[in-house]
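Enquirer: Chains as they are written, first to last, in this note's numbering: chain A, 1 to 281; chain B, 1 to 281; chain C, 1 to 281; chain D, 1 to 281.
Rather than coming from a laboratory, the hints here were simulated on the basis of the structure. All C-beta atoms in this analysis are idealised placements derived from N, C-alpha and C, irrespective of residue type, glycine included. One or more hints might be untrue.
Derived EDC-like pairs: lysine to aspartate or glutamate, alpha-carbon spacing no greater than 20 Å straight-line [as the list claims (entries may be wrong)]:
(1) C:K64 - D:E91
(2) A:K45 - B:D98
(3) A:K64 - B:E91
Interface residues of chain D toward chain B, partial, derived using beta-carbon atoms under 7 Å [as the list claims (entries may be wrong)]:
(4) D114
(5) K115
(6) R118
For reference, the chains in residue letters:
There are 4 protein chains.
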Amino acid sequence: MKFDVFTEMEYIVKSESTLILNINALRTQHQTVLSEEFIVDPYIKVEELPATGGENHMVRFEVKNPGTVKVTYKATVDNSYKIVDYEGQYETPVAQFDHSILPYLYPSRYCQSDKLYRLAHNMFGHIVNPFTKVIALTDWIYRNVEYLSGSTNSETSAFDTVTEQQGVCRDFAHLGIALCRALTIPARYFTGYAYQLTPPDFHACFEAYLNGEWILFDATKLVPLNGMVKIATGRDAADTAIANIFGDAELSSIVVSCELADQGFEPLMYGHIDYTGVAYL
Amino acid sequence: MKFDVFTEMEYIVKSESTLILNINALRTQHQTVLSEEFIVDPYIKVEELPATGGENHMVRFEVKNPGTVKVTYKATVDNSYKIVDYEGQYETPVAQFDHSILPYLYPSRYCQSDKLYRLAHNMFGHIVNPFTKVIALTDWIYRNVEYLSGSTNSETSAFDTVTEQQGVCRDFAHLGIALCRALTIPARYFTGYAYQLTPPDFHACFEAYLNGEWILFDATKLVPLNGMVKIATGRDAADTAIANIFGDAELSSIVVSCELADQGFEPLMYGHIDYTGVAYL
Amino acid sequence: MKFDVFTEMEYIVKSESTLILNINALRTQHQTVLSEEFIVDPYIKVEELPATGGENHMVRFEVKNPGTVKVTYKATVDNSYKIVDYEGQYETPVAQFDHSILPYLYPSRYCQSDKLYRLAHNMFGHIVNPFTKVIALTDWIYRNVEYLSGSTNSETSAFDTVTEQQGVCRDFAHLGIALCRALTIPARYFTGYAYQLTPPDFHACFEAYLNGEWILFDATKLVPLNGMVKIATGRDAADTAIANIFGDAELSSIVVSCELADQGFEPLMYGHIDYTGVAYL
Amino acid sequence: MKFDVFTEMEYIVKSESTLILNINALRTQHQTVLSEEFIVDPYIKVEELPATGGENHMVRFEVKNPGTVKVTYKATVDNSYKIVDYEGQYETPVAQFDHSILPYLYPSRYCQSDKLYRLAHNMFGHIVNPFTKVIALTDWIYRNVEYLSGSTNSETSAFDTVTEQQGVCRDFAHLGIALCRALTIPARYFTGYAYQLTPPDFHACFEAYLNGEWILFDATKLVPLNGMVKIATGRDAADTAIANIFGDAELSSIVVSCELADQGFEPLMYGHIDYTGVAYL
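Model the full assembly from the supplied sequences, consistent with the hints where possible.
Expert: What follows is the structure in structure tokens.
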């Protein structure tokens, strides 16, 4: 499926600053970037950074002089996903996880899974099928946490959200990740462009590692699971921030969009009768 | 300098469990493991894991049957360190950090640097020399945080310690890391064997990335900086736990030691008149 | 019903200290103290303090010289309680609460009801009968929070316990109070001697204000509700600490007991079929 | 000194709600309310509540029907304060505090003094004169915490502010109170109208109990200490909220003012050369 993604961000820079932006569509085996433009106006030479601490494709540049800087990113992406059937499946024992997966079991800045152990086991520990287990915790988040723009900030973590029960997509994702890890299911943060997100913005959801596949889950249920264009994955939002700013620069405006550049899109959401997960590769 | 390091840990295992231990001396360019033994009694085949999310050399094994399991680790290590002079140096701009260093700038589970930004800048922001800056924050921790065994637990983080001002080596390290990151100095957790630590135990301190070198700092001032045998580095204790246990197993006893297997050890601590840091490679 | 209550506490005092103890059985309309002894050995003149910030009967004394101080308290108490029937009852509107009740609606040190608003409403908001509502949240605490000696400390609050799901009687009480207040039900901390508590110790539970009566609830379900001898009530444990110590004194031993001094005790616990609450007056 | 104080608040009420407002100038020995008007439009009969849990004069009323409700409060107040000299004074021992003062030593919702014990002692424990000690901690807050509208919310507590070092008057007051209590100085929250506050709003500061007098301190240094009209005192903002709303009502606009109705006002701020405190009675 093809998507046109677009970001325009304007920064007011007051003193020499370094910006690291994380807005590029990832290039993976099944996500091809057909065309791409990254423009900084006024012109600044940017540096593309190899991935670190997860999947990402960050861009770094220095703004030497105060003023307004506009960043425009456009890409056309052709991506695909895989359907994985979990009917009759059991959880993978920790002894069989590839070593590279282990960091996604540990607690992180916004996902204090160590504090949610009992709660996660009390609520979801009895469910045998791993896919059903993550569906159950995703549904619990969806039913209990209210989506409220502006209700949380960059310090809000899963430990807050599990009790305060309000937040935005980032908070829904962090809570999903923390619950998975508390249940010994590796989980990571997914940030991307999302088709049919209203109002248009970057989106965050999460991936759980089930029997060898990273399966996508979205506790907000705001968008179809098959309309995502992946930007990055990481342990949580600390790894995958859209922008890291060093210096005195402030975002003054942002426009994001994700449009279908293809035909025949059939929205896919998880139901409660089957066991098929969506994996972006 | 040569050291004999030793660990003996006994676990009472109540049901099938997987243990991932992180007690092996790291093999690096300047830390040679001359001899090494890792014994599980009763015998279980163990799996050595390649490093993930930092430097480490973990060992994983499954205990299928309930009972007592004893793990013994012995090694003789020859390691060396480098002295780096920071007199007249300035901080490296973020624009020049290698991409692999960036994750050590971000907040992590126990090092919420995002919450310490103002405090760190109010207290240490005026110091120009980066080595002096980290010495200053290390000294501040040393003077203000009381070393109190048992005063904290596995959930205690830098955000707690900065106010509660009590803790163990792990807490001193987390606070040092959080303050560094808040000051845009990459920092990571260091866990190892430490010569002359009383009572003998694993030790934790931290490394700050100063002009291209990872320099060791220890806010506890409990041991010489040149008596360390590195086990692992990572973002914080979540990455570098001595043991991760999945299942129902409990540590029932532990013995750790680090002895000099050489002659002519001259203890090294940072003073306040020079600018030379210690880097383990 | 008559009970013999007893406390013996030994303090090691290292420098001049003031102790405020809160161990005396309260004298109320329905709790008569038949006989009572409060001995400090070596002898120190004590001062009985009128109640402040709740119901209590504290005793204050100064220890001028270092050494060991032993406090012994013995009393025989005759108390009674009232059975209140809530069948078919509705909640009292806030507009009708007596002004003296209002402080028990506000959040306090260990009962951050302001953070539990959504959670409390999502779980218990639909229950109409106020007694049934508090029974439901008490049962939820009982089923989900594990009673684990030593798992928490004097800083643990309801906001921690609701997620970490472990604690002691104090934590169970704080969570019950916080949930009630989040549901606009006034609630307060109750500390006392408890008959049949094993091992013997001071006990904590809570009272909810239902249609004009303070009804006792105990989410630990460790003891009969009709075997309590009230020491104090207050907003939370900050108001009703067994001991407040100013200076350098440390508790070195404690013995507490509560024995029946009567016959025909019939243990009373709330069931799920009736609507009758227990009120100590 | 005479002041005209004024509040106009508009609420959009969506369902039957009870409002408890805490905006009336307190009537005390030295604060006389010369004239006063409290108008609810459309007309609703209000109930004046006797003080509970501190000093306050709350007003309660029920809004039965959805719609807009406007509350207007106007008063002319004649108040005076006392100057207390602390030169050469020592702290009052706890053994001599009146029992009614003790609750102001305990931690409360927003003032977790129990967590600030070491920090407070490390920073201010060496200062002998109690007035100088509170001046020192007030100055520390003033120098280190940045006054930033909107940077905090109704859940922010002293434990957050001591590290995050940003906030509004409420946060400055909570931190001052918590530090005092950690130093065994009773302290309470003070809310009032403040002359020369820009932009005009309600103000919060705190009182410390020094040798028998409640002395006013304001770590924001935004207004003269002698231009305050007291509304309430309490343990913290939980006791003294301007408005407690039960039901679905939202503040849609607010105007507050405090004007001089007299002549010859000479602004008073604490300097660093004398030992004279201001006490409102």
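Enquirer: Next, verify each hint and record whether it holds.
Expert: Now the hints, each set against the structure:
1. C:K64 - D:E91: Judged against 20 Å, a Cα distance of about 17 Å means the pair holds.
2. A:K45 - B:D98: holds (17 Å)
3. A:K64 - B:E91: holds (17 Å)
4. D114: Since the shortest Cβ distance to chain B is 9 Å, the answer is violated.
5. K115: With Cβ-Cβ at 6 Å, under 7 Å, it holds.
6. R118: Check passed: Cβ of D:R118 comes within 4 Å of chain B, closer than 7 Å.
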